[in-house]
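Reconstruct the complex from the two isolated chains, following the hints.
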Amino acid sequence: MEQHELIPNLFRNEYRKIVCVLCRLFGIAHVETAEDIVSDTFLAATEIWSARGVPENPTAWLYTVAKNKTKNYLKRDSLFQQKLSPELQYQAEKMEEFELDLSIKNIGDSQLAMIFTICNPQISTESQVALALNLLCGFGIQEIADAYLTNKEVIYKRLKRAKDRLKAVNMKIEQPGLTEISLRMDTVLTTLYLLFSEGYYSTAQNTTLRKDFCAEAMRLVYLLADQETTNLPEVNALLSLMCFHVSRFDTRATPEGEAILYGDQDESLWNQELIAQGKYYLGLSASGSRLTKYHLEAGIAYWHTHKADTTEKWQQILQLYNNLLVLEYSPIVALNRMFALAKVEGKVTAIAEAEKLKLTGNHFYYSLLGNLYTDVDDALALQHYKQALLLASSDADQLIISRHIRHLNG
Amino acid sequence: MNEFLLIFRRDFTNKEAQPSPEELQHSIKAWQNWFGGIAAQNKLARPLQRWDIAGQVVKSDKQVINGPFVEIKESIGGLIIVRAENYEEAVEIAQNCPILELGGNVEVRMATEPEG
Numbered sequence: 002m003e004q005h006e007l008i009p010n011l012f013r014n015e016y017r018k019i020v021c022v023l024c025r026l027f028g029i030a031h032v033e034t035a036e037d038i039v040s041d042t043f044l045a046a047t048e049i050w051s052a053r054g055v056p057e058n059p060t061a062w063l064y065t066v067a068k069n070k071t072k073n074y075l076k077r078d079s080l081f082q083q084k085l086s087p088e089l090q091y092q093a094e095k096m097e098e099f100e101l102d103l104s105i106k107n108i109g110d111s112q113l114a115m116i117f118t119i120c121n122p123q124i125s126t127e128s129q130v131a132l133a134l135n136l137l138c139g140f141g142i143q144e145i146a147d148a149y150l151t152n153k154e155v156i157y158k159r160l161k162r163a164k165d166r167l168k169a170v171n172m173k174i175e176q177p178g179l180t181e182i183s184l185r186m187d188t189v190l191t192t193l194y195l196l197f198s199e200g201y202y203s204t205a206q207n208t209t210l211r212k213d214f215c216a217e218a219m220r221l222v223y224l225l226a227d228q229e230t231t232n233l234p235e236v237n238a239l240l241s242l243m244c245f246h247v248s249r250f251d252t253r254a255t256p257e258g259e260a261i262l263y264g265d266q267d268e269s270l271w272n273q274e275l276i277a278q279g280k281y282y283l284g285l286s287a288s289g290s291r292l293t294k295y296h297l298e299a300g301i302a303y304w305h306t307h308k309a310d311t312t313e314k315w316q317q318i319l320q321l322y323n324n325l326l327v328l329e330y331s332p333i334v335a336l337n338r339m340f341a342l343a344k345v346e347g348k349v350t351a352i353a354e355a356e357k358l359k360l361t362g363n364h365f366y367y368s369l370l371g372n373l374y375t376d377v378d379d380a381l382a383l384q385h386y387k388q389a390l391l392l393a394s395s396d397a398d399q400l401i402i403s404r405h406i407r408h409l410n411g
Numbered sequence: 126m127n128e129f130l131l132i133f134r135r136d137f138t139n140k141e142a143q144p145s146p147e148e149l150q151h152s153i154k155a156w157q158n159w160f161g162g163i164a165a166q167n168k169l170a171r172p173l174q175r176w177d178i179a180g181q182v183v184k185s186d187k188q189v190i191n192g193p194f195v196e197i198k199e200s201i202g203g204l205i206i207v208r209a210e211n212y213e214e215a216v217e218i219a220q221n222c223p224i225l226e227l228g229g230n231v232e233v234r235m236a237t238e239p240e241g
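Just so you know, the protein sequences line up as chains A and B, in that order.
Quick note on the working numbering: the first sequence kicks off at 2 and runs consecutively.
Quick note on the working numbering: the second sequence kicks off at 126 and runs consecutively.
Under the rule of at most 30 Å between Cα atoms (straight-line distance), these lysine-lysine pairs were calculated in the DSSO-like manner:
| id | chain 1 | residue 1 | chain 2 | residue 2 |
| --- | --- | --- | --- | --- |
| 1 | B | K154 | A | K348 |
| 2 | A | K357 | A | K314 |
| 3 | B | K198 | B | K140 |
| 4 | A | K76 | A | K168 |
| 5 | A | K387 | A | K344 |
| 6 | A | K344 | B | K154 |
| 7 | A | K308 | B | K154 |
| 8 | A | K357 | A | K387 |
| 9 | A | K359 | B | K154 |
| 10 | A | K161 | A | K68 |
| 11 | A | K357 | B | K154 |
| 12 | A | K344 | A | K280 |
| 13 | A | K344 | A | K359 |
| 14 | A | K76 | A | K106 |
| 15 | A | K348 | A | K308 |
| 16 | A | K212 | A | K106 |
| 17 | A | K106 | A | K68 |
| 18 | A | K173 | A | K153 |
| 19 | A | K314 | A | K280 |
| 20 | A | K314 | B | K154 |
| 21 | A | K280 | B | K154 |
Calculated Cβ distances over 12 Å to all of chain B for the following chain A residues:
| id | residue |
| --- | --- |
| 22 | L150 |
| 23 | T208 |
| 24 | Y263 |
| 25 | Q384 |
FRET-style restraints, in silico, Cβ to Cβ:
| id | chain 1 | residue 1 | chain 2 | residue 2 | range |
| --- | --- | --- | --- | --- | --- |
| 26 | A | N10 | B | L130 | 51 to 61 Å |
| 27 | B | N221 | A | T204 | 31 to 41 Å |
| 28 | A | L381 | B | L130 | 30 to 40 Å |
| 29 | B | Q220 | A | G141 | 49 to 59 Å |
| 30 | B | Y212 | A | G109 | 52 to 62 Å |
| 31 | A | S288 | B | L225 | 34 to 44 Å |
| 32 | A | Q384 | B | T138 | 50 to 60 Å |
It should be emphasised that the hints constitute simulated quantities derived from the structure, not laboratory data.
Note that the Cβ used here is the ideal one computed from N, Cα and C, for glycine as well.
Chain B on its own, in the form it takes in the complex (with noise of 0.2 Å):
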């Protein structure tokens, strides 16, 4: 069994893209459906952990900005580590995450140990 990361990233500035108050309740139940799946199955690595929706960026110049960042469009909504065979199990869960239907994205990352 490997660990994934799935960072969940969708765009919290733009207006038109925000859910409707019902999407988003149905959207709670769609979540916590998610969340009890992968831990039926055995596979969430790590207990769940909330983030908050503002956040903070560094830039390359030290600047901070605040949250939620118009200049990098997206913003991690969350993130899991889940146990799976490989990229393909990983990435099967990843396609039932409910931040597609809220027209995000997930990206996948597989654990590694140092190499040599």
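Excised from the complex, chain A in its bound form (with noise of 0.2 Å):
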């Protein structure tokens, strides 16, 4: 790898790790000073890494810099001190034999605390979704505004305030026990779900930092599943839905950045090892009695990824949507429904489902009754295209109505 990747991928990777640790070591209520060590240790590195260049073990390097700046932290501070818990203080006391753990074991299990403290539901949704890319994902201010289409001050400002919240609240940094676990992993799941979403419906340009939305995504759930306590048939089946999923990032989009439609993508390109993967999940995912939106979405996602058209294939998809619906509804899985529904009764039946569906203000309600007319009636096909375009406002979207209005209109 090049060095001006290595260092921002190193950066990320061990600036979370750290952070982690640093934020159950002092308590939520210190998570800038916690920050504030990890900056200073990767300031230190720039600039010695820049005349010097990068020491042999990059890693290793800044976990001695961290230890030492988290010693002379605690040393030096002595007003810090007093606010840290007893056993803190007393540690630090005796700073000479005071280490920084910064074990395999310790960044897992200080990752794992800090998954269910901000994925608190005393915190908004948004919020937690932001604190997850930041601090359990080592993304910047400046990449997460990007991928928001947004500037950094919103998101500095969406940071401070769920940074605000979860010191208000003081919630506690620890190993989540059974009672945490089952009471708090809907919440977990939801979070790093939409994080994952973040990454792979983003309508943002950039399609490394996509990529590696839903990578972070990923790994924390990996993370989940490795541990006994929380790896639970609903994680198996999100790890499942997300490694289905990923195996088709690369054929949605041409490299100039256009959506290439499902029916339009080659499959060769489709990554048989995640495929491979998610079905392995999906396999661990079927146990216990609860059914969950993931392992339903799963089963979706499992079916995308056999092209072929069959009849099975379709039936299954239809089943699949109409208990995710019964599940909880939702206006885009009530959308795609309907096109899994025109696949197995034909589209004269899908277009008076659809018809009661009367999403009016939702562009996509209309580029659905304008695929399900192309063919049936065209002029009522283009009309509705025509009012998609006239609701959709991302550009990504007004480019692939655009699309169909010209092919009809040729």
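Structure follows, in structure tokens:
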């Protein structure tokens, strides 16, 4: 890997690890101190490495510096010391023996504890996702702003509010017990799922960054699957869903960023290794008695990795959509179900059903009707696509709709 | 929006009236599509609940009889609660209920608040 790629990746990777360990050590009240120590460490690395070159083992170098900076901080700032837990104060007094534990085990434990601290129903879901991107994944404010197509100021404020809220409720950072796991796993999975979706469905142009979001979300779910207490069927289902989705990531757009619809994707480019992994985790998810939306969505994603249009495929997808909607209504799922219904029952039946949805503020609704009316009544199809174009706000969506209109006019 | 109770009934006792295995297989898909279609319009007011077929009935003399019920003729196959503006809309949903294809019927009742 080239050096200019190595450094940001290394920093992002190590940032989240050291920050989690420090947060767990100091408590959530001192999250900014933890961030300052890590930023100082990276600043020192950037200065020294650019003068003397990157050391042979950059991670070890960073850890040594982070450990020293933590020790110095505790020694120097007696005011800070007084705010810490009695146990840590005691350790800090015997400063010469104190060493920040950056072992693989402690990093893993700290990250798991932080996942449960951040994915907290007491802060908004939007803030949870932003905090997870920042503290659990190590993305900088600029990167998060790019993904959300907004500016740094907005993200900075969102993160600040979220951290203040965590401090206000004085959320403890500790290994979740079985009770916390059963109470909070739904929130954790929702946040990780949104984090993944931010990468997978974002209209931001930066493909590398979006892939990184997906990879980070998957890494956090792996972390849950890796621990006995958190290795639940729904965790495996979510992991399976992510594997199936990412297997098609590269085939969903042209190198210029123009979307390629499912029917036009080059299946030879689908990542078979990820598809195999998806099947493996789908198998593991099939235990217990709880059928979650992740199970159903993983099932739908599984069938989408079969390119051939068989009756069985669309029957299965339709039933999975039926179950998904019965479990939890969502307009986008309701619209997607109609594509499956059209494949199974034909376009005329699907049109009658689709028109009952009346999602008249949603451009996907008109795009769906445009799609269903194509070859049934092209004039009506055109009318619906034009309505969709009026409602669509993103460039990517407008591009796709315009293509359909051109096709119908041609 | 109002809530409506839809109760599906059919005869489980009359041997001639029972669907063939193929009809049942087809019927399962029809039920799932019907539920999915209601849920797609966000009109499912409560989670679905399955009910067993046997059941018991307490008669006016407190005697208990086991189902299926020859005396009652039609047993409850299931029930759902949907959201609809009015009877017209609720009945339209009921008209697509797969129980009708199996010779059954649907009773539709609107939820009301206690008066006064």
